[in-house]
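Chemist: Residue-level listing of the chains:
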Amino acid sequence: MSVAARAFEVERGTAGRLRVAVVSIPGLRSVAALLALEAGQWSEPAGRPGIARLAAQSLLRGTAARDGASWAAALDDLGAVARMDVGGHVAILSGQCLAPDLPAYLALAAEAVLRPALASDQVELVRAETIAAIEEDARNTRGVADRVWRELAYPAGHPFRSRPLGDEAVVRAATVADLREFHSREILGRGGVLVLVGGIRPADALDAAREAFASWPDGAPAAERAVPQAAIATLQRRAEVVPDKTQSDVILGWLGMPRRDPRFVAARVANMVFAADTFASRAGKVVRDKLGLAYYLFSTIAATRGQGAWAVRMGVNPKNVERAIETTVAELRVVLAGDFPQEDLDLAHDKLTGELRVALESPGGIAQMVLEQELFDLGPDHYVRYADQIRAVTKGQVVEIARTFLPADRYALAIAGPPLR
Amino acid sequence: MTMTEIAPRRLADVPAARRLDNGLVLYAAEARHAPVVSVWVWYHVGGRNEVPGTTGMSHFLEHMLFKGTPLHPKGDLDRLLARYGALWNAFTNEDVTCYFETVPKERYPTAIELEADRMRSALIDAGETEAERTVIVSEREGLENDPSFLLGEELVSVAFTRHTYGQGVIGSKEEIQTMPRDGLYAHYRRFYSPSNAYVVLVGDDGAEALLDRAAAAFGPLEAGEPAPAVRAPEPPQHGEKRVVVRRAGGALPLVQLAFKTPRATDPSTPALHALAVALAGSSGGAQEAASGRSSRLYRALVASGLATEVEASAGLNKDPFLFSIEASLRPDGDHRAVEALILEELARIASEPLGEREFARVRKQLLAANAFPSDTVTGRAFRLGQLLSTGAASSIGEWYERLAAVTADDIRTAAAATFDERSRSVGWFTPTA
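Chains as they are written, first to last, in the numbering used here: chain F, 1 to 421; chain D, 1001 to 1433.
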């Protein structure tokens, strides 16, 4: 049995349309609460990117029982912190409160999710803030690189082609009725997962969750959005100049796989061997540590539904962009050829399993682990098996995964920053 | 409904402490909820210890401490910590340079040994210095892409005319490019010694066991010479200072205000932290954050549609530093109107105490924000070390008590003492086409 599995026990239940998972850690004063609503970009109507974030942000602007200012004051009365982020297939309300305040915090969260006011003045405020953020992103090298990369990697109509912030025209045109419909069909219709970790007794936490979310309305689940398989057929490259910047942001990436794909664990190991960590992976060691070309270089593989991004990101002086890219691709070719030493694989195994243990130091870290397990139905014994699964990944599997998903001649490459020299 | 309380209401962890013969002070506290230990080494050297011509030296040196010792050549430390799955990093600020690693508990003796080794034996190799120089330039260039950094750097430089705080921390690009290797090594020998450092250990072992292990590793090191004192007191400011940055590299106009504040050991410091919460909440003001929206500046600026984000923070520094406010405006925002509204709110909070209900809300946010990070082992170790670095408190528990003792009138008094036109610096960032 893995260390992680021994270190926490998950108690499960349901509350309305939420699957609830609780981990009790006596001695902590707070509770980390992750409420994942299965209403991210994946749930957006075709051609309406930005609706999911607009709706999710508007939930926190007042309810049927109190206006936005009163709801915000009630949250601050608890000293709780909460924020809403929308991603590929979920919108996550991440909160933390003092343990005795958990019932009150969950009651506020439930009010927002189940009975939002979606008042027009508050929606206008969210709309204006979103448009400002889109404009800011248009002059932010990371934001531009991300937008360009998505446009190169995903075909028109794909839910991940736009950033979660959405398209400005869609955000400008969205009506309160659009958001009400999205709330009713996607947020209430699909439900989600609630994870609570911290200084609470599981029975109390489950009771609090049930009491808060008991009035979740019944109804048939919304139909799944059909998303065709995407592919990057040839090398796609685009550089966009962002004026008055000194550094270029680069994204070099491929289309990954759904989290439920049985090859996902091997992909995480392959990712670690290749570029996941600036200091522990091959690409970072060469690009930063040996050649001094970049301050940061890392790669991530999205744990989501469908084909999320498997992408390398780096910040590079414009004069070093080409060399940093060439070096990264050269390191990829080493992985593809299986020319890396066993030591690299051992390091990847050790780092990924060691991180599982270190994540136990934080209620937020445990909550993230449990959320992934619950969201993707990885099974109640997932963390019993997970460390062993990582260690079982062979060099041959790493090479096979890389050859399947990371071809060295077919990727999307986005560069944003000063003119390239 | 009622909850069975299994959470302590406050953290009563006065750390165990031990001073070694070489002057190094060790602090240790147990945290038994996870099988990890967090090891932090704090050096009393940062931007304030630098002179013009070599600004950024402390930060540059921080990078070089990862480049090997005779015992652990370059790559050893990274590889070992990666192998343990460690959470590790380092940072430099105005006052200190700090190295930390949170590791599985059975690995902490190795983490301590790595830190003890590089305290006196870093190579600071000339070739590695050249390779790292471009990395640090890249780090600076990444920061320069952010208008908030650019404006903040300018604002601090005008706020301080004599004190080295005005130089910032990362240093100018030109000085990074010409930083001499021998100068770095001299800086290292001058400031990296047991007598100019302390160690914080928090985690899943007995406090005495943690201290014993650290004492065994650090005890044999030579004490080193006492670090030279910083003698550049900032003279009183006698009027408002203003700075404007115009660049295309940003879409949102910014307004920053900074007021001089006392050093962290001043009795008013907890009230200044409460003041920041009253003005802008405790969670940083990002658009995605729902908390802090009952704060005064949020209501005045963001809820009214003039700004998209607002944040406020009180410094926790060795020498008198700054209380800072930043508002991100709408793309077509009016700097003048936003600045006027901020000043109006500052005058109001300086003239009338918070009402009972508002004060209770601010107090709860303040205490909760202090509790949350302490629920992670890494966060608890950082918080303890941070308080010790500036002398703000000798334990998290003591700091909690000082925050809990702040009254509504303390907040008003702190505001009245701080928000003085004569000690104000104002910065505007104006996007250009």
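Read the hints as simulated data drawn from the structure, not as lab findings. All figures in this text were calculated on a predicted structure; none of them were measured in a lab. We put the beta carbon where it would ideally sit given N, CA and C, even for glycine. Treat the hints with caution; some may be incorrect.
What the hints assert, rightly or not - Pairs of lysine-lysine residues, derived as DSS-like cross-links and limited to a Cα-Cα distance of at most 25 Å, are as follows:
(1) K1241(D) - K1260(D)
(2) K290(F) - K1074(D)
(3) K290(F) - K319(F)
(4) K1173(D) - K290(F)
(5) K319(F) - K1241(D)
Said to hold, decoys possible - Some chain D residues close to chain F (C-beta under 7 Å, calculated; not the full set):
(6) V1036
(7) P1104
(8) G1127
(9) G1183
(10) Y1185
(11) A1186
(12) S1195
(13) P1331
(14) H1335
Chemist: Against this structure, judge whether each hint is valid.
Modeler: Evaluation of the provided hints:
Distance check on the hinted pair: K1241(D) and K1260(D) sit about 12 Å apart at the alpha-carbon level, within 25 Å; holds. Only pairs whose Cα atoms come within 25 Å are accepted, and K290(F) paired with K1074(D) is accepted, the gap being roughly 11 Å. Taken as a hint, the K290(F) and K319(F) pair is honoured in the structure, with Cα atoms around 17 Å apart against an allowance of 25 Å. Note on K1173(D) and K290(F): the hinted pairing holds, with a Cα-Cα distance of about 21 Å set against a maximum of 25 Å.
As the CA atoms of K319(F) and K1241(D) are separated by approximately 38 Å, the hinted pair breaks the 25 Å bound. Look at V1036(D): its Cβ gets to within about 5 Å of chain F, closer than 7 Å, so that hint holds up. Of the supplied interface hints, the one on P1104(D) holds, with its beta-carbon coming within about 5 Å of a beta-carbon of chain F, less than 7 Å. With its C-beta approaching chain F no nearer than about 11 Å, G1127(D) sits outside the 7 Å limit, and its interface hint is violated.
Given the 7 Å rule on beta carbons, the hint for G1183(D) is violated: about 19 Å separates it from the nearest Cβ of chain F. Interface restraint check for Y1185(D): the shortest CB-CB distance to chain F comes to about 19 Å, outside 7 Å, so the restraint is violated. Interface hint at A1186(D): violated, since its Cβ lies 23 Å from the closest Cβ of chain F, which is beyond the 7 Å cut-off. Checking S1195(D) against chain F by beta carbon gives a least distance of about 31 Å; that is not within 7 Å, so the hint is violated.
Because the smallest distance between the Cβ of P1331(D) and any Cβ of chain F comes to about 5 Å, under 7 Å, the interface hint for this residue holds. Hint status for H1335(D) relative to chain F: violated, with the closest Cβ pair at about 15 Å, above 7 Å.
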